[in-house]
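> If you want the building blocks of each chain, they are given just below.
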Amino acid sequence: MWEVFRFEARYLARSPLFLILAVMFFLLAFLIMASEDVSLGGLGSNTNLNAAWAIVYTQFFFSIIGMFAAIAIVANSITRDHEQKTAELFFCTGITPRQFLLGRFSAGMVFGILVGAAAILGTLVASLMPWLDAGRIGPFSILPYLYSLVVVTAPNLFLMSAIFFSVAALTRSMLGAFVGAVGFLVAYVMINSLVDPELIDVYAILDPFGSTAFGEVSRYWTVYERNFNLVPVEGALLTNRLLWLSAGILALSLTSLRYTFSLDDSAFKRKRKAKETEAPPGLKEVNAVSSFGSATVRAQFFSQVKTDVLAIVRSVPFWAILGFATLNVWGGFGSITSFYGTELLPTTSSMLRAIGGAYLFFVLLIIIYYSGEVVYRERSTQVSNVIDATPYPNGVMVAAKVVALWFVVAMLMAFGMLAGIVKQVSEGYTNIELGLYLYGLFFVQGGFFFLLATFAVFIQVMAGNRWSGMAGMLLAFLTFQALPSIGFEHGLYSFGTPNAPHSDMNQYGHFVQPLFTFTAYWAVFCGLLMLLTHLWFVRGQPDGFAERISLAKARLSRGVVSTGGVLSVVFVALGCWIFYNTNVVNTYVVADQVEALQARYEKTYKPLELSTLPEVIAVDVEVDLYPEERRLESVGTAVLWNKSDEVIEDLLISTHPRVQVKTMGIEGSSLASQEPEIGAYNFKFETAMQPGERRNLSWDLTWRHNGFSNPGSSLPGGGDNRVVANGTFVNNLEIMPAPGYNSGMELTNPNQRREHGLEPIQRLPKIGDPKWLNRSQLGLSERSAFRVVFSTSADQVAIAPGYQVGEVIERGGRRIYTYEMDEKIWPFFSFVSARYAVARDKWKDVNIEIYHHPEHDYNVEPMIRGTQKSLDYFTQAFSPYQYRQFRILEFPRYATFAQSFPNTIPFSEAIGFVADLRDENALDSVFYVTAHEMAHQWWGHQVAGARMQGMTVIVETLAQYSALMVMEKEYGKDKMRRFLRYELDRYLQARGGELIEELPLVLSENQAYIHYQKGSLVMYALKDLIGEDKINLALRNFLAKYAYGTGPFPTTLDMLAEFRRVAGNEHQEMITDLFEKITLFDLAVEEASYTEVEDGFEIRITPSARKLYADGQGLEAEANLSAHIDVGIFPEPEQELDDYLLPEPLYFERHRITSDTKEIIIRVSELPHKVGIDPYNKLIDRNPEDNLRTLKRS
Amino acid sequence: MLNIQGLTKTYANGVEALKGVSLKVPKGMFGLLGPNGAGKSTLMRTVATLQSADDGTVELNGSDVGADVTRLRRTLGYLPQEFGVYPRTSPLAFLEHIATLKGITDKGDRSDLVENLLVQTNLWDVRKKNMTTFSGGMKQRIGIAQALIGQPELIIVDEPTAGLDPVERRRFHNLLASIGEDVVVILSTHIVEDVADLCTRMAIMAGGNILSEGEPQELIRELEGRLWRTVVTHNEADRVKDHVDVLTTRRVAGRTEIKTCAQAAPIGFEAAAPGLEDVYFATLAQAGFSVEVD
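Protein sequences appear in the order of chains X and R. The number in my numbering is simply the position in the first sequence, starting from 1, with 30 added. The number in my numbering is simply the position in the second sequence, starting from 1, with 25 added.
Read the hints as simulated data drawn from the structure, not as lab findings. The beta-carbon is built from N, C-alpha and C at its ideal position, and this holds for glycine as well. A couple of the hints might just be wrong.
Partner residues are not named here, just some residues of chain X that face chain R (Cβ under 8 Å, in silico) [unchecked claim]:
| hint | residue |
| --- | --- |
| 1 | Tyr233 |
| 2 | Val316 |
| 3 | Ser321 |
| 4 | Ala325 |
| 5 | Thr326 |
| 6 | Gln412 |
| 7 | Asp418 |
| 8 | Pro421 |
| 9 | Gly425 |
| 10 | Gly574 |
| 11 | His786 |
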């Protein structure tokens, strides 16, 4: 056996297969760590680049794809002798089959593991590279690498080698092993996406790669833990590793028992039925004459296409990839959820997005692999020796190859479409837009694939053999990916077509023009490549470069030259047209320039942030929207009031960088300096603005899109998809000037800031900072009067905050609306225009209007109901509603949020209007979002926090609470539990993705996972603790003090003071833990049993309870626990319950529990089944599952 | 008639495969005999337009092939020495495809033609089977079937019988023999029997040159009276070899037969009746190519 091993090892050490694989793995691992542009999903966030967790996670990925490398090596080891017909030699040397088998296997496995180790080495070497961001590199430790090797790479590759070596040994076929492996991977991915969360513990043991066990333990790890901790090899992970090691050994043992040296093709003999033979017909009189005309060329072409296509569709890997891709698409359909797990209706538009996301990888795979297959099919099979001497024109072959590859791509698209339609039909959705499918898949999303296929044929032909060709394609692909990172972003040389998202409201809208232009441009380019391909395509057996050149010259016919000439002219013309659009009509900027501009803006103007600003107290504006031109004119006046007691000498006015300022001025001032590209205009007052003085700021601005800009290039401030043909949605910060520094322009990514020499960002001022107490969240302290004359095209409805004044005027193909607000509102206005249908209803005397895309009437009812129920609750619990009207406006899915303006809520088509609420068990996310946005009319519009830490808590956390309460009234407590469980999971997971540091709730610096997710949990826990009435009382008091205030503005501490005031003394500590610390509870029932006693059952519970305080990086320290915590006893449910639900408890009380509580004894009268400490997971606990335990009878 | 004039070819690796080959091939079956590496396949590929020569011309029926390769391809049937078939494809589909490429556009005609060929080549029963599993003989039959498509004026068969068992070879000979006499057929081979059985004219090629050319019977006649043989023991053979320029040695029933070529019989030798094989060896020996087996 040692002999066989040495022989095989020597063979492998010199084999190109091993070398190529090892280099590939090394490089890929190196790039994932060392380049910003190559990344693995899940590795974002603020964790160190060389975080122990990230290193191990990366190696899981490599051990899964490494499976194919290992199989290639071991399966080759066992099948090589059969394929090369050298088996006889080996089989008569006196080596026993077992020695042969094990020797070959161990050598192959060692080299397979070496390939995996190359990836580990790649990661290690990359972590030492000097250009890495030093701020994200932790101290070097060899441990995670060794851990990866021992726990991840070696066991996984051993297992995969053993299984598929066995398959290869028994089937005597590489293909058998590969098909098995693909099938295995498909099943693995399927199971991964389908596995029931309830069974995750079982699956953690059964997952052959062990990543589930690893993932489950580290699921809620914080940044700190990810940086420094390794998942201990114990429990599920240890069991898993041992189980699968044994499985590998078992597979090998069984194989060595069955394996013999026979030369049969397979250990599994096939039986074939003898077919009846048909008598050959007699010879016919045939006069088959050759003719050579254009019909012949066509016939030759189609015959060649057919031959190539059949060769592909008859190959097993093609169906494997296709099946895999279709499964992936199917899986992708499941992930098109909108909010809180609510699925979207399977509209064709949604299907298209799901297909696009799931397909890219497979299409690339197919193109890269099959381009080599198709181009070299004749040569690799030596059919070329026959075919090349037949009288087809040279062009036929190249054209046929390209079209055959197109056909394959088209088949992939067709399968995606079919999957989409099946999904739609199976969900009972019948609005199948076939035209949209075809247009979207075959042109908008798939057009590029056809170009790429053409390009691949070119690369293959130029490369000379299929391996170099595939390497060339990979290289080209990586180059196109890498270009933007070094500042080359122009579409003129980045081979590709622009993205074009579909919206039901705006269709493909303004994306169509650049898409067509770039597609045409690259199509012509590919045409030119095809001419080169035609010249260079090998026919016959030319010897050497000189002969290729002379052949190419011979093929350079007049037709080729003139076609090339025409194509070149068209190519250049299209290029000029693109350049004119992207660089002349629009400004071409690369991401780095935009960042530099933003950095410069911050450096120049940030010092002005705290200078005295006048308040905007009245706005009168005329907005003229020309949707079909994508142009908007804004002409207006704002009254500025110097509310302070200081004189104002100069004033920075900010505009959106996209607008063109025709005129802008402030009374008594002149423009001292301006930087229109970042929207900064510095005015100097000739006579200083005195305290109490009012002056007019007037403007005439245009927002317009001329032609199209470079795909992917965006100006600072974005705004590419705001003014559109149908569904314009802009706000005043975009189309009006605003006094003061625009902090929205600041770079937030820590790495980008470092690169541009900026200090780490201070996301918000510290809480209580007196300089900021007089500025609200918007940076202002005064509300403003508002009037707008808003015109749009005749088929659209234009809506802005306020009440419509007078009738709509129809004039000159335009509709003119006038809106006016009869009380002062925050100067935060939306301007929306689209072709709408309207649904109207009422709550008392408040008009409710839902403006929606005519086809999107699915969820209008829950929106209206959500509005009514919210108004019921909020007016009773908090304060009166300040407006006589409430409107929801649908806007296209280019953004996916809803935003609350005064009496007006633009709501994205992607999150509410097409949500699928037909499942009664699902959360009614539309109802919920409506209630949440409605609540902002109180939290945000009636009261706003001071612009500092915690400000978003006052707005968002209170809106979450308000919506929760409305939701609980409407749908009951059970739904709430599911909702909160969802929030708990999202909060705990998001902590690991924190970019800077986690803060306690009251100090949240606009951190969504804190003010939404943790906010919900904390408010619900508080409600549970002190009761809804007390919270609402506290909130009424809070509103009474601060509603409609003009400064100083409240902070979360003021809010908290109200809570503390109404809560009893006994709850103060818990309030501190919930709001002012990052507190984690670790509650569990360690043991629980019951005994039957007189008239009932006595239950003894051994609890385990700890309280931990975490710092901003997630480092935990144990704290003294002493709290009133729910203890519940539950009977066996009479019927099966949904996830996270429990039957009505037999016993439910709060117990005082400390870290020292040893035992709790409870008596109940009915037979108990489960016991739980904080069974409803009201407290934040990283292991929520172990709070419940099934009772044993003692 | 195929007229080859002064064809030379030197490969990029320095091998001189053709050193000015000139050959006139009339209609009928023409055998091109030569050892492996003689340059036969290079010559065949050049004539079949798959390769270009450094110098020299090829004319078919008076028109220059190099000037218009397509024209030759339209009238060419070519069975290369080595060729493959599409994987997972049946003879029927393969032949249909070749027939289309050869310009037979009429569907009915094409399928009749393919049917006929399948019957003629005895592949009818397996016409829908995957060709990848076929034996060498079956593959060669498909090869000849495709070469016959399109009423070719020039048929080139390069080493068609190498590796075939006797039955398959016989079958293959019969197929070749059925080709009409109106067509130029070049049979390139290193197997003497192929030529002896089938060809009306032949040439012997080695080292990139044509060594001799003529009708087989005529070439045999030229050797008559110059070929001598003796049968000795193995030990004696070595002694004989010291005195005589041995043409061939061969074992016959435990003893060794030695043939030599000379104007007069060496001592101990008797006259031998020459066959084509002797002609082949004599020609090679004369040109200085070692042919001795032991």
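> Kindly indicate which numbered hints from before are broken by the structure, ordering the numbers from low to high.
Structure breaks hints 1, 9 and 11.
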